[in-house]
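Asker: Residue-level listing of the chains:
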Amino acid sequence: AQSVTQLGSHVSVSEGALVLLRCNYSSSVPPYLFWYVQYPNQGLQLLLKYTSAATLVKGINGFEAEFKKSETSFHLTKPSAHMSDAAEYFCAVSEPGRRALTFGSGTRLQVQP
Amino acid sequence: DTGVSQDPRHKITKRGQNVTFRCDPISEHNRLYWYRQTLGQGPEFLTYFQNEAQLEKSRLLSDRFSAERPKGSFSTLEIQRTEQGDSAMYLCASSTGTGGPPNTGELFFGEGSRLTVL
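Residue numbers (this note's numbering), protein chains in the order written: chain H, 1 to 113; chain F, 1 to 118.
Since the hints were made in silico from the structure, they are not lab data. Note that the Cβ used here is the ideal one computed from N, Cα and C, for glycine as well. Don't take every hint at face value.
Cβ-Cβ distance ranges computed for the label pairs, FRET-style [what the hints assert, rightly or not]:
1. Val-29(H) <-> Glu-106(F): 17 to 23 Å
2. Gly-8(H) <-> Arg-64(F): 33 to 39 Å
3. Pro-70(F) <-> Met-83(H): 41 to 47 Å
4. Leu-60(F) <-> Val-29(H): 38 to 44 Å
5. Glu-15(H) <-> Ser-62(F): 42 to 48 Å
6. Ser-5(F) <-> Ser-70(H): 40 to 46 Å
7. Ile-12(F) <-> Lys-69(H): 42 to 48 Å
8. Glu-15(H) <-> Asp-7(F): 34 to 40 Å
Taking beta-carbon pairs under 8 Å as the criterion, some of the chain F residues facing chain H (in silico) [unchecked claim]:
9. Gly-16
10. Gln-17
11. Tyr-48
12. Phe-65
13. Thr-104
14. Glu-106
15. Phe-109
Make a model of the complete structure from these sequences and hints.
Answerer: Below is the structure:
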């Protein structure tokens, strides 16, 4: 079965600083990978997805992620954090032959003024 | 608002009681998913419907859990004889699509139904 590992359950950055949220996956075949964001008291929303096209994927709100097969990684970055980016972020992988997405345990991003 | 709607948002029950959650997906979405999320964890897949057919079930879905999607519209998730370990947020998501797996599309999530079993 496929899985994703998110390093760091909590990340704190200053407003304007680089955001880097880490995600590593395990897969024997090329995966489809996703980043979702969950703001307080809201449902999860798709930030971006990789489905075997360009390895650098741009998403909403200035976020992007790069698929690196050699490192089995799909880290999420944003050049300059904004207070409104404070939320929980989930990396997810789509398993071959299944409709289910497997989610990581999440990383809570705090943005300090 | 035409997003995914879940009801009730919060449910407190005593151990051993039955509870039922309802999900109304986005109207044109033929795919519907139930997930469970506990504190500090990511969503865990429970079951998947394509139209009215339940096509995937997780091993997490014990025989105390049953899900239905009559007529391919709204869905219900029932938990019988609740246990304290059932306390969690139950998430519903929907999407469109006609192709086979794997899933490459966007899932639209509701705000969830929080269950507390005393």
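Asker: Is the gap between the beta carbons of Pro-70(F) and Met-83(H) within 41 to 47 Å?
Answerer: holds, 44 Å
Asker: Given Gly-16(F) as an interface hint, is the shortest Cβ-Cβ distance to chain H below 8 Å?
Answerer: Violated, about 30 Å.
Asker: At the C-beta level, are Ser-5(F) and Ser-70(H) separated by a distance inside 40 to 46 Å?
Answerer: holds, 43 Å
Asker: Do the Cβ positions of Glu-15(H) and Ser-62(F) conform to the proposed distance bound of 42 to 48 Å?
Answerer: Holds - the Cβ-Cβ distance for Glu-15(H) and Ser-62(F), about 45 Å, lies within 42 to 48 Å.
Asker: Cβ-Cβ distance between Glu-15(H) and Asp-7(F): within 34 to 40 Å?
Answerer: Once the Cβ atoms are compared, 37 Å apart, the range 34 to 40 Å for Asp-7(F) and Glu-15(H) holds.
Asker: Tell me if Glu-106(F) is really an interface residue toward chain H, meaning its C-beta lies closer than 8 Å to one of theirs.
Answerer: OK, holds: Glu-106(F) within 8 Å of chain H, min 5 Å.
Asker: Starting from the hint 33 to 39 Å, judge whether the C-beta atoms of Gly-8(H) and Arg-64(F) obey it.
Answerer: For Gly-8(H) and Arg-64(F) the Cβ distance comes to about 35 Å; the hint holds.
Asker: Between Ile-12(F) and Lys-69(H), does the beta-carbon spacing fit 42 to 48 Å?
Answerer: holds, 47 Å
Asker: A closest beta-carbon separation below 8 Å is what the hint needs, so does Thr-104(F) meet it against chain H?
Answerer: Where the cut-off is 8 Å and the nearest Cβ of chain H is about 5 Å from Thr-104(F), the hint holds.
Asker: Does Tyr-48(F) hold up as a contact with chain H if the rule is Cβ-Cβ below 8 Å?
Answerer: holds, 5 Å
Asker: Please test the hint of 17 to 23 Å on the beta carbon pair from Val-29(H) and Glu-106(F).
Answerer: Hint holds: Cβ distance 21 Å, inside 17 to 23 Å.
Asker: Quick one, is the Gln-17(F) hint okay against chain H at 8 Å, beta carbons?
Answerer: violated, 26 Å
Figure legend: structure checked against the earlier numbered hints; hints not met, in rising order: 4, 9, 10 and 12.
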